[in-house]
Amino acid sequence: MSSIKIRTKRLDGNTQIRTLISHPMEHGRNKDKTTNKFIPAHYIQVLTVTHNEKVIATCNMGAGISKDPYFAFLLKGGKPGDEIEIYWVDNLGNKDSEKHTIT
Amino acid sequence: MKINRRKFLKTSLAVGATGMALLESSSANSEWLAADFEPGSFGATLKQLLKGKPIVETEKIELNIPEIAENGALVPVTVSSSLDDIKSIAIVVEQNPVPLVIQALLMPELETFISARLKMASSSFVFAIAEGEKVCYSVKKKVKVTIGGCGG
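Protein sequence lines correspond, in order, to chains A and B.
In terms of this note's numbering, the first sequence opens at residue 1 and continues consecutively.
In terms of this note's numbering, the second sequence opens at residue 1001 and continues consecutively.
Pulled out of the complex, with its shape left as it was, chain B reads as follows (with noise of 0.2 Å):
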């Protein structure tokens, strides 16, 4: 007992305030970062995302997304662009618990695109932020919610 107490506490206090502790150690991929998915502000997921690298609004990349959203719980989003040098896309909504959604790193046999229905808890500002060499483009969309996805 004494020792199962003082090894958590142990734990939680190396992974600091986000006691994710027993995320991390069932994650089974080391490239998964709870940190990344925690829930969190939406400065600190862009700035997690950005790495230092400028952040350029653009309009060559297509956000497809509906404007309005009857059901916040299957919001359906299309990301494309003509950019050639994209790594990664990642697309954040910006009033959920967790802003990130999903990041996805394409190698060079893709083309930029991807497809993917997302969850909204509120009307929100959607990003897709895509990581090219030297800088990241951005581009928003702003969806209107009429039922959250996030009830229960």
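Just chain A, same shape as in the assembly (with noise of 0.2 Å):
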């Protein structure tokens, strides 16, 4: 199953595209608590939305970013039919896509 949900809404002639990932956002500097190690850093880098194929956002981010992230964006326009995307790549190289029809 895909590590990404998205969901969009028409909004007075806008898309909004809401999405939540699945993801630990480890940012390498908390402990175990039963071995009192660090865990190692994870987290998403780069988040990219694309809409019918062409980007409109590219997210550079940090472990700053919460657990399971959300994000959501506005589009102008947008109507039934048009395709977003949703990929990201993380500090190990993990990846993850999702793709989306608006309704």
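Don't read these hints as lab results, they were simulated from the structure.
Hints are not guaranteed to be accurate.
Computed list of lysine-lysine pairs in BS3-like fashion (alpha-carbon distance at most 30 Å, straight line) [to be verified]:
| id | chain 1 | residue 1 | chain 2 | residue 2 |
| --- | --- | --- | --- | --- |
| 1 | B | Lys1140 | A | Lys67 |
| 2 | B | Lys1144 | B | Lys1047 |
| 3 | A | Lys95 | B | Lys1087 |
| 4 | A | Lys33 | B | Lys1144 |
| 5 | A | Lys33 | A | Lys99 |
| 6 | B | Lys1053 | B | Lys1134 |
| 7 | A | Lys54 | A | Lys79 |
| 8 | A | Lys9 | B | Lys1060 |
| 9 | A | Lys31 | B | Lys1144 |
| 10 | A | Lys95 | A | Lys67 |
| 11 | B | Lys1141 | A | Lys79 |
Mind assembling these two chains? They're in different frames, but the hints should get you there.
Below, the structure written as structure tokens:
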């Protein structure tokens, strides 16, 4: 199952794009309580949003974003049938993507 | 063994005091700059973001964040603006070990709007910095955190 959930909603002629990603977003300074060792950093670095295959947003981020990050964007216009794709890359090289069609 | 050590010394020297060599080589995306997201001072982060442009405090950018955050691990934030020439929005938390939280490059297809959830180590000023054509707009808000988001 994909780690990304996408929801879109039409708002006054615009389209709100909301996304929820399941990711630990560890910044590497937390300690594991049982082993007393640092939990290695593991966080998303780049999140890209595309609209009909054109990149509309690139977000560079650090581990200052909460665990299971949530983002919302507002697309000018947008119509049913348009395709939104979101993908991310984390600091360990993992990646995931998800497609969504505006209804 | 010897080679490994030599190699390690060489790379760590090349990256300087930062020692982020490992992180840099594993990063798949060239646009993501490790230097932006290193633990550092707020001033240095600000300098990097502004790229020499003057900073203007404005009320045209709206920073929506609770004044009192009960849990620093999850602070919802929304930045929106009626200004049209915004290329990117950055959110910076002054007291965080890594002050820069997110830098979003927004294409003209998007309204100047972003919503996210941040971690905050302690009570701090939160800045939203929007990069325009010639100047950077900034707006700040004080947020009080009752439980820090960096404890472990």
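Under the criterion that the straight-line Cα-Cα distance not exceed 30 Å, is the pair lysine 1140(B), lysine 67(A) satisfied?
-> holds, 24 Å
Going straight from one Cα to the other, do lysine 54(A) and lysine 79(A) come out at no more than 30 Å?
-> Answer holds: lysine 54(A) to lysine 79(A) is near 15 Å, not above 30 Å.
Within a Cα-Cα threshold of 30 Å, do lysine 1141(B) and lysine 79(A) meet the stated pairing?
-> violated, 36 Å
Compare the distance between the alpha carbons of lysine 95(A) and lysine 67(A) with 30 Å, and conclude whether the hinted pair is satisfied.
-> holds, 16 Å
Given hint lysine 1134(B) paired with lysine 1053(B) - CA-CA distance at most 30 Å = holds, 7 Å
Given the hint that lysine 9(A) pairs with lysine 1060(B), test it: the Cα-Cα distance must not exceed 30 Å.
-> Roughly 25 Å between the alpha carbons, so the hint for lysine 9(A) and lysine 1060(B) holds.
30 Å limit on alpha-carbon distance, applied to hinted pair lysine 33(A) and lysine 99(A) = violated, 38 Å
Assess, step by step, whether the Cα of lysine 1144(B) is no farther than 30 Å from the Cα of lysine 1047(B), and give holds or violated.
-> Between lysine 1144(B) and lysine 1047(B) the Cα gap is close to 25 Å, so the pair holds against 30 Å.
Distance restraint between lysine 31(A) and lysine 1144(B), which requires alpha-carbon spacing of 30 Å or less = holds, 25 Å
Is lysine 33(A) within 30 Å of lysine 1144(B), Cα to Cα?
-> holds, 27 Å
Straight-line Cα separation of lysine 95(A) and lysine 1087(B) no greater than 30 Å?
-> holds, 26 Å
Checked against the numbered hints listed earlier, the structure breaks hints 5 and 11; every other hint is satisfied.
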